[in-house]
Amino acid sequence: MKGDTYTIFYATTLGVVCSLLLAGVSAVCMPYINANREARKGRSILDALGMPVDDKLSARDVLAAFDEHKVAKAEFGGMEIYIYESSGGPLTAVPFQGQGLWGPIKGFIALEPDRTTIRGVTFYEQQETPGLGGEIGTPDFRQRFRGRKIQAGDTSPGIRIIRGGGATGVNEVDAITGATMTCEKVELMINNAIRTILKEGMENGS
Amino acid sequence: MAANPAAVMSCGACGPSCRQTLNEGVWTNNPVAVQMLGVCSALAVTSRLENSIVMGMALIFVAAMSNLFVSLLRNATPRRIRMIAEVTIIATFVIVFDQLLKAFYPEMSESLGPYVGLIITNCIIMGRAEAFAMQNPPAISVVDGIANGIGYAAVLILIGAAREVLGSGELLGRTVLSPDWYTGNLVMILAPGAFIALGFLIALANHIKPPQTEASK
Amino acid sequence: METSPLLILFAAIFTNNILLASFLGMCSFLACSQQIETAIGLGAAVTFVMTCTSVINYLIYYGILVEGAPLVAADLTFMSFIVFIAVIAAFVQFVEMFIERFSPKLYYALGIFLPLITVNCAILGASLFMVIRSYTLGQSLGFGFGGGIGWALAIVLMAGLRKKMNYSNVPAPFRGVAIIMVVTGVMAMVFMGFVGMVQIQ
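Protein chains in written order, with the working numbering: chain W, 559 to 764; chain X, 47 to 263; chain S, 627 to 827.
Hints are supplied without guarantee of correctness; some may be wrong.
Negatives, chain X to chain W, calculated, CB over 12 Å [stated by the list, open to error]:
1. Leu68
2. Ile130
3. Thr138
4. Gln145
5. Ala149
6. Glu156
7. Ala177
8. Pro184
9. Leu204
10. Ala207
11. Leu217
12. Leu218
13. Val222
14. Pro225
15. Asp226
In silico EDC-like cross-links for lysine to aspartate or glutamate, where the CA-CA straight-line distance does not exceed 20 Å [what the hints assert, rightly or not]:
16. W:Lys707 / W:Glu683
17. W:Lys631 / W:Asp619
18. W:Lys664 / X:Glu156
19. W:Lys614 / X:Glu156
20. W:Lys614 / W:Asp625
21. W:Lys631 / W:Glu693
22. S:Lys789 / S:Glu663
23. S:Lys790 / S:Glu693
24. W:Lys614 / X:Asp226
25. W:Lys664 / W:Glu683
26. S:Lys790 / S:Asp701
27. W:Lys707 / W:Glu742
28. W:Lys614 / X:Glu176
29. W:Lys664 / X:Glu96
30. W:Lys664 / W:Glu745
Here's a subset of chain S near chain W, in silico, CB distances under 10 Å, partners left out [to be verified]:
31. Phe636
32. Ala637
33. Asp701
34. Phe704
35. Met705
36. Ile708
37. Phe755
38. Ile758
39. Arg759
Calculated directly from the structure, the hints in this document are not laboratory data.
Where a beta carbon is used, it is the ideal one built from N, C-alpha and C, also for glycine.
Working from the sequences, and respecting the hints, build out all of it.
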């Protein structure tokens, strides 16, 4: 009675039932998961622009904060940037991403109205080693970027993350001890974004 | 034959078999300390107490639900694909928990990483499904699942608390050992600390209740 | 400018050993580390299965499950756990049949361990990490292979240590799993010392 046909019937039914259950749960959860992802990005943007939101805020509230502060999305050189009209002028948040050591790294770099001074840097996705490369997410490391410029004078575009301390130039930042490769990759991906900013900026004259 | 289902189901007056199963799962036959099963996910997430608690809840949920359904289907399942069926049912509930976590507690989902998915290969859950749920009626199987889940969760919570306190001086994010005089022991937060903490925990359990030797069995 | 698969391979063996740093594959590790020969055999089998299934799961994940994949457009990633474990189970079954046919001696030596490999957290874990870290095909291959070798290394080392521990005077409460856990912890600390070996950070 428990022959081959029954086995196949059982296996198929079990498979179908489980898939349906999972598809149902996924359908229910997907909107929340997507909202969380958007909110994650949103938090990062607001933080970079200097208007950090409370960690406890729900996804919906984070997205509402965007409307509240009238942060506008714009297209710029193929990137999706975010502009906030502060009292001092427009602040821009530019996304950057790339391959870190252990996985993709994504973040935002926010610029002051002069489009050269860095207002803040945030990382909203990274898989780096906790305690080493993972330190890029800490306020201590991100803080080093504040006030730096995205290029030194007119000649060398991009920032430099200097190993071994002693970062003196306007576009230089101290690396994290023991996280050389992570810092190298971060430098690379931020500079990619900066290159696009500068290129577009010069072409559009803004 | 297992306990009379009717007697077990009237769980207001939890029948003796129910209490015994509960007791066994949590203490006498505690999955991790005694049966030494399923240590994998245990250790990885115990660097912080909060993570351990959520992982414990995940295990209780998956153990209970999978035991329930494996038991409900125990007479219908062909012997040959028994294990595959068990794994499928377990995997389904793990995914359910994972999706709910991603949707409603995303930071925790990040922290736990792949270890929620690895509950599927957790020897305890598989072991109980095969050894207990396949042989027993649904009600008592759920109790067994919950009991083993609680036993496992208890171990996770103990280790999580020890690691967080010794490693960073905090408990649930609140400072317990002030940084003024206590320097966090980094080893406890990293991998070795988990192994060592578990080793000492098992030794403690063995000391309190010496394991049955061949003679006394 | 991605991390070289070779680097990932070395990392998976030494600096980020899949067992000593990522806690994967403990069950079989505890159960089968008594004899060195068994340990070597199991380690080899795990390495083989892990390498192959990492690659197969990569192809399935990016070929079928992700949104906009070449074969199925919908986002089926929520099915990944089930699909991965099914692939692993099927693959182990296939390996078992293969070994039984071509090397009965090995088959008898490995015995019960082959089905154990299916539920070895390390193998499923390798696939899950591959997804989380968005590895490319080359990186997945390096990670699968390195992870297997790293696991094999850990279990063989433990087998050797256990042999020596038979002659040690272990306090009663620690006998059995407890002392093995502590020793594993020390081994993990030792492996942490490899961090400077390869310029990985």
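Status of each hint after checking the structure:
no.: 1; hint: Leu68; in the structure: holds, 28 Å
no.: 2; hint: Ile130; in the structure: violated, 8 Å
no.: 3; hint: Thr138; in the structure: violated, 4 Å
no.: 4; hint: Gln145; in the structure: violated, 4 Å
no.: 5; hint: Ala149; in the structure: violated, 4 Å
no.: 6; hint: Glu156; in the structure: violated, 9 Å
no.: 7; hint: Ala177; in the structure: holds, 21 Å
no.: 8; hint: Pro184; in the structure: holds, 17 Å
no.: 9; hint: Leu204; in the structure: holds, 23 Å
no.: 10; hint: Ala207; in the structure: holds, 20 Å
no.: 11; hint: Leu217; in the structure: holds, 19 Å
no.: 12; hint: Leu218; in the structure: holds, 15 Å
no.: 13; hint: Val222; in the structure: holds, 21 Å
no.: 14; hint: Pro225; in the structure: holds, 16 Å
no.: 15; hint: Asp226; in the structure: holds, 20 Å
no.: 16; hint: W:Lys707 / W:Glu683; in the structure: violated, 24 Å
no.: 17; hint: W:Lys631 / W:Asp619; in the structure: holds, 18 Å
no.: 18; hint: W:Lys664 / X:Glu156; in the structure: holds, 15 Å
no.: 19; hint: W:Lys614 / X:Glu156; in the structure: holds, 16 Å
no.: 20; hint: W:Lys614 / W:Asp625; in the structure: holds, 18 Å
no.: 21; hint: W:Lys631 / W:Glu693; in the structure: violated, 29 Å
no.: 22; hint: S:Lys789 / S:Glu663; in the structure: holds, 12 Å
no.: 23; hint: S:Lys790 / S:Glu693; in the structure: violated, 53 Å
no.: 24; hint: W:Lys614 / X:Asp226; in the structure: violated, 28 Å
no.: 25; hint: W:Lys664 / W:Glu683; in the structure: holds, 5 Å
no.: 26; hint: S:Lys790 / S:Asp701; in the structure: violated, 52 Å
no.: 27; hint: W:Lys707 / W:Glu742; in the structure: holds, 18 Å
no.: 28; hint: W:Lys614 / X:Glu176; in the structure: violated, 42 Å
no.: 29; hint: W:Lys664 / X:Glu96; in the structure: violated, 26 Å
no.: 30; hint: W:Lys664 / W:Glu745; in the structure: holds, 12 Å
no.: 31; hint: Phe636; in the structure: violated, 13 Å
no.: 32; hint: Ala637; in the structure: holds, 9 Å
no.: 33; hint: Asp701; in the structure: holds, 8 Å
no.: 34; hint: Phe704; in the structure: holds, 4 Å
no.: 35; hint: Met705; in the structure: holds, 7 Å
no.: 36; hint: Ile708; in the structure: holds, 7 Å
no.: 37; hint: Phe755; in the structure: holds, 9 Å
no.: 38; hint: Ile758; in the structure: holds, 7 Å
no.: 39; hint: Arg759; in the structure: holds, 4 Å
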